[in-house]
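From just these sequences and the hints, can you work out the full model?
Protein chains: 2
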Amino acid sequence: MDSVIAFIDANRGRFVEELTAWVRVPSISSDAAHAVDVRRSAEHLAVELRALSAGRVEIWPTAGHPAVFAEWMQAPGKPTLLVYGHHDVQPVDPLPEWITPPFEPAVREGRLWGRGVVDDKGQVHIHAKAIESFVRTVGRVPVNIKLIVEGEEEIGSVNLETLLREHAADLAADFVCVSDTAMFGRGIPSLCVGLRGLAYVEVFVDGPSTDLHSGSFGGGLMNPVNALAKMIASLHDEAGHITVPGFYDAVLPLRDDERRQIASLPFHEDEWLRSTGAPAAWGEAGYSTLERIWARPTLDCCGIQGGFQGEGAKTILPARASAKVSCRLVPDQEPEDIARKLGDHLQRIAPPGVRVRVETLHGGRPYLAPTDHPVYDVAKRAFSKAFGRETVFMREGGSIPFVRTIADATGKPCLLMGFGQPDENAHAPNEWLDLENYHLGIKSAAYLYDELARLPPEGR
Amino acid sequence: MDSVIAFIDANRGRFVEELTAWVRVPSISSDAAHAVDVRRSAEHLAVELRALSAGRVEIWPTAGHPAVFAEWMQAPGKPTLLVYGHHDVQPVDPLPEWITPPFEPAVREGRLWGRGVVDDKGQVHIHAKAIESFVRTVGRVPVNIKLIVEGEEEIGSVNLETLLREHAADLAADFVCVSDTAMFGRGIPSLCVGLRGLAYVEVFVDGPSTDLHSGSFGGGLMNPVNALAKMIASLHDEAGHITVPGFYDAVLPLRDDERRQIASLPFHEDEWLRSTGAPAAWGEAGYSTLERIWARPTLDCCGIQGGFQGEGAKTILPARASAKVSCRLVPDQEPEDIARKLGDHLQRIAPPGVRVRVETLHGGRPYLAPTDHPVYDVAKRAFSKAFGRETVFMREGGSIPFVRTIADATGKPCLLMGFGQPDENAHAPNEWLDLENYHLGIKSAAYLYDELARLPPEGR
Numbered sequence: 005m006d007s008v009i010a011f012i013d014a015n016r017g018r019f020v021e022e023l024t025a026w027v028r029v030p031s032i033s034s035d036a037a038h039a040v041d042v043r044r045s046a047e048h049l050a051v052e053l054r055a056l057s058a059g060r061v062e063i064w065p066t067a068g069h070p071a072v073f074a075e076w077m078q079a080p081g082k083p084t085l086l087v088y089g090h091h092d093v094q095p096v097d098p099l100p101e102w103i104t105p106p107f108e109p110a111v112r113e114g115r116l117w118g119r120g121v122v123d124d125k126g127q128v129h130i131h132a133k134a135i136e137s138f139v140r141t142v143g144r145v146p147v148n149i150k151l152i153v154e155g156e157e158e159i160g161s162v163n164l165e166t167l168l169r170e171h172a173a174d175l176a177a178d179f180v181c182v183s184d185t186a187m188f189g190r191g192i193p194s195l196c197v198g199l200r201g202l203a204y205v206e207v208f209v210d211g212p213s214t215d216l217h218s219g220s221f222g223g224g225l226m227n228p229v230n231a232l233a234k235m236i237a238s239l240h241d242e243a244g245h246i247t248v249p250g251f252y253d254a255v256l257p258l259r260d261d262e263r264r265q266i267a268s269l270p271f272h273e274d275e276w277l278r279s280t281g282a283p284a285a286w287g288e289a290g291y292s293t294l295e296r297i298w299a300r301p302t303l304d305c306c307g308i309q310g311g312f313q314g315e316g317a318k319t320i321l322p323a324r325a326s327a328k329v330s331c332r333l334v335p336d337q338e339p340e341d342i343a344r345k346l347g348d349h350l351q352r353i354a355p356p357g358v359r360v361r362v363e364t365l366h367g368g369r370p371y372l373a374p375t376d377h378p379v380y381d382v383a384k385r386a387f388s389k390a391f392g393r394e395t396v397f398m399r400e401g402g403s404i405p406f407v408r409t410i411a412d413a414t415g416k417p418c419l420l421m422g423f424g425q426p427d428e429n430a431h432a433p434n435e436w437l438d439l440e441n442y443h444l445g446i447k448s449a450a451y452l453y454d455e456l457a458r459l460p461p462e463g464r
Numbered sequence: 005m006d007s008v009i010a011f012i013d014a015n016r017g018r019f020v021e022e023l024t025a026w027v028r029v030p031s032i033s034s035d036a037a038h039a040v041d042v043r044r045s046a047e048h049l050a051v052e053l054r055a056l057s058a059g060r061v062e063i064w065p066t067a068g069h070p071a072v073f074a075e076w077m078q079a080p081g082k083p084t085l086l087v088y089g090h091h092d093v094q095p096v097d098p099l100p101e102w103i104t105p106p107f108e109p110a111v112r113e114g115r116l117w118g119r120g121v122v123d124d125k126g127q128v129h130i131h132a133k134a135i136e137s138f139v140r141t142v143g144r145v146p147v148n149i150k151l152i153v154e155g156e157e158e159i160g161s162v163n164l165e166t167l168l169r170e171h172a173a174d175l176a177a178d179f180v181c182v183s184d185t186a187m188f189g190r191g192i193p194s195l196c197v198g199l200r201g202l203a204y205v206e207v208f209v210d211g212p213s214t215d216l217h218s219g220s221f222g223g224g225l226m227n228p229v230n231a232l233a234k235m236i237a238s239l240h241d242e243a244g245h246i247t248v249p250g251f252y253d254a255v256l257p258l259r260d261d262e263r264r265q266i267a268s269l270p271f272h273e274d275e276w277l278r279s280t281g282a283p284a285a286w287g288e289a290g291y292s293t294l295e296r297i298w299a300r301p302t303l304d305c306c307g308i309q310g311g312f313q314g315e316g317a318k319t320i321l322p323a324r325a326s327a328k329v330s331c332r333l334v335p336d337q338e339p340e341d342i343a344r345k346l347g348d349h350l351q352r353i354a355p356p357g358v359r360v361r362v363e364t365l366h367g368g369r370p371y372l373a374p375t376d377h378p379v380y381d382v383a384k385r386a387f388s389k390a391f392g393r394e395t396v397f398m399r400e401g402g403s404i405p406f407v408r409t410i411a412d413a414t415g416k417p418c419l420l421m422g423f424g425q426p427d428e429n430a431h432a433p434n435e436w437l438d439l440e441n442y443h444l445g446i447k448s449a450a451y452l453y454d455e456l457a458r459l460p461p462e463g464r
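From first to last, the protein sequence lines are chains A and S. The opening residue of the first sequence carries number 5 in my numbering; numbering runs sequentially from there. The opening residue of the second sequence carries number 5 in my numbering; numbering runs sequentially from there.
No wet-lab data here; the hints were simulated from the structure. Just so you know, even glycine gets a beta-carbon here, dropped at the ideal spot from N, CA and C.
BS3-like mimics (lysine-lysine), calculated; alpha carbons at most 27 Å apart, straight line: (1) Lys-82/S - Lys-416/S; (2) Lys-416/A - Lys-82/A; (3) Lys-318/A - Lys-345/S; (4) Lys-318/S - Lys-345/A.
Simulated coverage check for chain A against chain S, where a stretch passes if three residues somewhere in it have a Cβ under 8 Å from a Cβ of chain S: (5) 218–227; (6) 317–324; (7) 356–370; (8) 398–410.
Incomplete in silico selection of chain S near chain A, CB under 8 Å: (9) Leu-202; (10) Asn-230; (11) Ala-233; (12) Ile-236; (13) Thr-280; (14) Ile-297; (15) Arg-300; (16) Thr-302; (17) Ala-317; (18) Thr-319; (19) Lys-328; (20) Gly-357; (21) Gly-401.
Below you can see the structure in the form of structure tokens.
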């Protein structure tokens, strides 16, 4: 490994230049005008990978934007790692807020600034450069690697499931590595081992057929806004638990070791709270803030509306009101089950004098990594070697549906080894990549391949 | 009275023609472009009244639109009645919905159609024609009458209080009669003896400084929409009582005789409910629908908003939410007192993790007529003579601020003797006046003057 690490150190500047060239391609997948750029981005990556004299390097068309596939299968008897990433990027609005243009990457303060530098081109490039560092020094990668880089992650990975199914044999592997997340904090190597799911419904409450005069009718009819408020209020008890019957049935309780591990993280609640602007933290009794946002389900109104919303006073008894209600789910809750339970419950608690209708808008399943599998120790060790610091397990409160898609399609342990930072502006103006993280990321990937190669067959 | 009543019958058609001429003047007070028409409307009425050879007929300028004042003081020793009305009208939008143009009055189905026919030119005209019927037959009106017809009722009677103060001596009277309301139902002579007041506040709930990702933060912070829902829900108990401390302190309980009287009215709850489109009636336990909307205070959300309101799903934890909350008040609740109690209570029940701010938007005092005063029996009798049916007491759930303004300024009993119908489209397209009501209204006014003249001095 010494020659590989030395190569990574020696080529640090060139690697950044090559990443910069790729970031210049404005591969915005949500904008039809940029479809040709998404294709150019795939071709740019394919050209770079072909230079590494691997086996197959292919551009896989989809019904939408193309993916890139490459493999290095020169380690017979060794495990196969499937690395997932994406080469499409978010839109850039609002453009005036960018300090330097999104597709003219610039280095400032030890960071590379530009759209896609961290989400996700930089993180894909980390693997490409780790592979190159083996190829150009010892001649081959010590494990078998398959790389799948899709072009539609920012538009919901709409064709990923099809791609995984059609290329199931091409993509067969022992382990999956996804590099598209952030580290717990600056300089803290982190493996993300849990993601929450989502069940999102909209509830409509209808009373009178039109807005009525609040004087002539007020007091004689149930007001749909008051009714909706009453229904929503009843969905939590005083301790912040959710009252929907059966809501917690499938929730895996936090184990003591998980709680200890979460409690050991350098989480500064004061700083976190200050960053939100809220006057106080609040949540389910009996859990810490990190437990609440990572490992406990929630029920939040994302929006509510009803009646008069203009300036000043209008005296009406509104005809209707509605709210968008989102539940974040944890393993093993299922979105369809929770949406049904919530919908049934909302119907049941509807007060007299209104009609209630519930629509399911959106769902996603939660993910929990099988951290008792030995590959997680391997990844921790590799990550720690590069960063010189112990690797922590963390979770994300948000939902990343494609992780569950890949995990379910492959049935293999999934390593969420991310090199971003929590404040990296991934979907905002002035996205940046910490160049030290990028450099240590390449070393992390190299150590991961090396460690995996030494994993005994019974550890797969 | 026989000759007076005969005159009213004989001139039925001419009276309608004269009203029609006045309705042609488009005296829309809210539209600056019609200011000259409001003035023309005042002059039109003054000309008609001067023809009745009364004493003073004057146009009183205000800071806005002019009022008309006239008096017939030819009954020494007899009571003086102050009649209030207004000659300005509502706007006419949406114009295409009018079957015949709003300022080209037309007769169809025994009704006169046009803007202002019932609100309030027709009702003012009823008094003018009753006065004329005395003048042209017996030579003089049997009581002393003062008529004040303002030009700004539809824009909130903005200068009425000033007018009443500046002309306090001119307007001194024993009783006040306001003809600007509707009857309980078709053919049912009705005196309105109660109006509700209003306290209208807006409550703002602030959490994080911007909308946050509902995955990354959901569960760790109080959600302002959920918090607002909880606060609003808690403002009613299960029986529909309002839980704001001190809210009912000043509420006059319904007396048994009032409840009996309300229960005796021909109210068809099925029809009423069908007209609203709501699936069921609902309200404070222990009260009937009419009691709830006439004589009990309410707390209704007129509007609520917060978070994402577009199509589909957006996964945010909203930064803020707000609601417009209107309380209808009953005697002797005071708007300032209720707004303060509600605001203080909302602050007190704010859950942790949000900041709450309350603004008072609007207020109005309730009115309850002193129905034990003998003048109410006089009015009932007069009204019944004209309509051939017993006069009922009713209330209005809405608020008519100028009634309380006049009642407070004069300190005299106020007779709300209206000739409209509940479905007369007063503020909508196709406003209409029942011509039978108009005709019997003139007789009612004539009988009222006659009865009042016979009221013994101790009855004033």
